[in-house]
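For the first sequence, the positions run 1 to 472 when my numbering is used.
Calculated from the structure, these hints are not laboratory results.
There may be inaccurate statements among the hints.
Simulated DEER-style distance windows between Cβ atoms [stated by the list, open to error]: (1) 69 / 344: 28 to 34 angstroms; (2) 279 / 386: 31 to 37 angstroms; (3) 385 / 431: 21 to 27 angstroms; (4) 111 / 283: 47 to 53 angstroms; (5) 116 / 34: 48 to 54 angstroms; (6) 389 / 451: 17 to 23 angstroms; (7) 164 / 318: 34 to 40 angstroms; (8) 335 / 110: 52 to 58 angstroms; (9) 312 / 472: 37 to 43 angstroms; (10) 349 / 237: 43 to 49 angstroms; (11) 275 / 376: 28 to 34 angstroms; (12) 427 / 379: 28 to 34 angstroms; (13) 113 / 302: 41 to 47 angstroms.
For lysine to aspartate or glutamate, the following DMTMM-like pairs were computed, each having C-alpha atoms within a straight-line distance of at most 25 angstroms [to be verified]: (14) 38 / 283; (15) 38 / 71; (16) 146 / 131; (17) 407 / 470; (18) 353 / 319; (19) 407 / 463; (20) 240 / 44; (21) 140 / 129; (22) 324 / 334; (23) 118 / 131; (24) 168 / 115; (25) 324 / 283; (26) 140 / 82; (27) 96 / 124; (28) 353 / 325; (29) 305 / 367; (30) 118 / 106; (31) 386 / 360; (32) 168 / 124; (33) 296 / 277; (34) 341 / 205; (35) 431 / 454; (36) 305 / 319; (37) 96 / 171; (38) 140 / 117; (39) 296 / 276; (40) 133 / 171.
Treat the numbers as computed from the prediction; the structure is a model and nothing was measured.
Every residue gets a Cβ at the ideal spot worked out from N, C-alpha and C, and that includes glycine.
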Amino acid sequence: MSSPVITRFAPSPTGFLHIGGARTALFNWAFARHTGGKMLLRIEDTDRERSTEAAITAILDGLTWLGLGWDGEAVSQFARAERHRAVANELLQRGKAYYCYCSPQELEAMRARAEAEKRPVRYDGTWRDRDPKDAPEGVKPVIRFKAPQEGETVIHDHAQGRVVIPNKDLDDLIILRSDGNPTYNLSVVVDDHDMGVTHIIRGVDHLTNAARQTQIYLAMGWQVPDMTHVPLIHGPDGAKLSKRHGALGVEAYRAMGYLPAALRNYLARLGWSHGDDEIFSTEQLVEWFSLDAIGKSAARFDFAKLENLNGHYIRHTPDAVLLKEFLAFLPHVEGGPEMLKALEGGRMAAFAKALPGLKERAKTLVELMTNAAFLFAVRPLALDDKARALLNDEGKAALRGVLPVLKAAADWQAPALEAAVKAHAEQAGLKLGKLAQPLRAALTGTSTSPGIFDVLEVLGRDEALARLADPL
RNA sequence: GCGCCCUUCGUCUAUCGGUUAGGACGACAGCCUUUCACGUUGUAAAGACGGGUUCGACUCCCGUAGGGCGCGCCA
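Please model the entire structure based on the sequences and the hints provided.
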């Protein structure tokens with residue numbers, strides 16, 4: 001029996017959960033679910049300067065909103081520093097690491113020199129074989145990993161294939177700072193090993209780290225986890241994701257009115273595929289997910305496609321579920337709390353009634369909210385330019401014509417109203433559009449809305465008739 | 001500069017040596033229609049370039065160009 005799969009998502013809490021991180025989490029999650037394994041969460045908070053509680057909260061919230069639950073408690077990497085130090089010392093003991101007394105200034109100078117001479121920027125190994133007795137007075141040393149200088153390090157990667165890095169291009173990295181704190185590459189290896197991580201799935205920006213980490217695993221005699229480095233997500237212009245396009249926290253996507261299910265579906269299709277399948281449920285994603293189906297090239301983030309998918313999800317989400325999602329969304333958007341108040345203040349029924357018509361024409365929850373505004377408008381309605389144009393003399397005349405018909409309606413339900421208005425139109429020799437548009441303008445203050453008979457019904461007899469009479 | 005990686009329609013992708021190179025988003029046009037959407041039909045749209053290998057390359061190899069990532073006492 002093979003050991004159960006354990007993946008991990010390991011963000012550093014220096015900012016929100018951005019879209020690339022979200023996808024990495026999704027892949028880790030999907031793979032763990034697919035294999036019946038676990039996804040662990042580790043917060044890489046060893047940078048005490050930049051790590052914040054707020055960021056941790058944002059990341060946890062983001063994952064939760066996206067529906068990507070993790071197994072067990074989130075692990076703080078910083079809290080494990082003692083263990084990392086112990087391993088650094090063990091490496092020292094084994095002759096796989098050494099003290100280096102170079103000052104940051106010296107290293108800076110070393111780098112500057114290399115750059116000026118157009119040589120590769122690497123630590124030159126000054127203290128690699130030097131006797132610690134030569135150590136300068138009062139300098140606190142760092143511990144460097146004694147990386148192999150010859151041969152090559154091979155990474156067997158599900159997405160990248162077999163990647164070979166010449167060892168001469170990897171220098172002796174610092175694993176323990178002069179203040180006694182471990183650095184990233186050491187901590188990651190120790191934690192992944194201790195946490196029993198079997199599969200590492202992360203961004204390709206870690207590929208070089210993968211080589212260095214592999215060397216540390218080997219030096220410790222530990223088994224190297226299975227690795228997958230997924231390509232990065234770029235902005236629409238092919239360059240790095242900037243704040244302008246996609247480098248937003250997932251909470252920004254929530255505020256833009258995207259559904260978690262739609263975002264999951266969209267993200268899954270960025271760099272991963274299952275034949276020609278475009279729209280699939282999360283259950284299907286879990287069922288189909290495979291590391292080997294992850295591509296190698298970077299993908300550009302395309303809002304148009306996300307929006308299309310989101311529209312699909314909005315249309316296909318059952319009303320009751322969508323209503324819940326919408327209510328949960330409102331606190332996160334401008335004007336949302338006010339609408340929430342209005343809904344809870346008695347407009348909920350009308351909104352729920354209007355929802356089927358509303359959701360057909362919204363690509364985001366923000367659009368849904370905008371399109372629902374007519375429900376909450378107060379008389380006399382403010383008209384937009386198009387609505388005003390529709391209510392010209394001809395429009396008003398049409399309105400005057402139907403008003404009695406509507407007043408006479410015994411049954412204030414869309415089908416009955418439709419029948420009555422259509423009969424009137426026919427009798428008056430008017431095309432339905434000539435009637436419907438002025439009605440819409442007067443009823444909603446705009447030129448677009450759900451079906452006009454639904455609008456009539458949803459508004460209710462009194463309110464509708466009053467709105468129609470207002471412009472006359 | 002050094003190392004690694006990438007390159008199929010505008011975008012996301014399928015193809016895993018033999019296809020009229022498929023799908024989706026977007027675009028455009030038509031249909032549907034009370035508006036907007038939805039839906040539907042159709043059109044345009046791609047193998048970066050140059051060499052090999054092969055009976056046959058988008059698929060394999062080499063080179064070129066372009067792009068990305070990495071090269072911290074950050075993670």
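Worksheet item: Which hints, by number, does the structure contradict?
Response: 7, 11, 23, 34 and 38
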